[in-house]
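Undergrad: Sequence:
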Amino acid sequence: AIKNFSPKIRDKANSDLNALRIRIRDLSLKLQPLSNVKQLYAQKEAANQVVKQINSALVPAELELDRAIEASEPLQKENPTSEQVEQSKLAISVAYDKLQAALVPLEQKMR
1112 AIKNFSPKIR DKANSDLNAL RIRIRDLSLK LQPLSNVKQL YAQKEAANQV VKQINSALVP
1172 AELELDRAIE ASEPLQKENP TSEQVEQSKL AISVAYDKLQ AALVPLEQKM R
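Adding 1111 to a residue's 1-based position in the sequence shown gives its number in my numbering.
As a list, the in silico DSS-like pairs of lysine-lysine whose alpha-carbon atoms are at most 27 Å apart:
| no. | residue 1 | residue 2 |
| --- | --- | --- |
| 1 | Lys1188 | Lys1200 |
| 2 | Lys1163 | Lys1220 |
| 3 | Lys1220 | Lys1149 |
| 4 | Lys1141 | Lys1155 |
| 5 | Lys1220 | Lys1155 |
| 6 | Lys1149 | Lys1163 |
Note that these hints are calculated values from the structure, not bench results.
Using the sequences plus the hints, can you model the full thing?
TA: Here it is, written out as structure tokens:
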């Protein structure tokens, strides 16, 4: 179909086409950094989600750890009762279990 046009028109069409190709290439180069920003933002959002998950897992563990510390304070006396010792052991065991449970998602994310 292009053969039906005069050489002058064909040259003009080729020139315009080449100008458009150059313009498209230049615009693509300008858009590339914006694409990178979008990817960085997505990565940041994913990291924020991981931090939220880890924090939500650590809060219960921290509470149990504080309870274990409080339960262990009476043991610093000269003669703690066996009940105080048992309460302290139980509180430490619960805190340890909560901490272990909080570490599972963290270990999974690190793999």
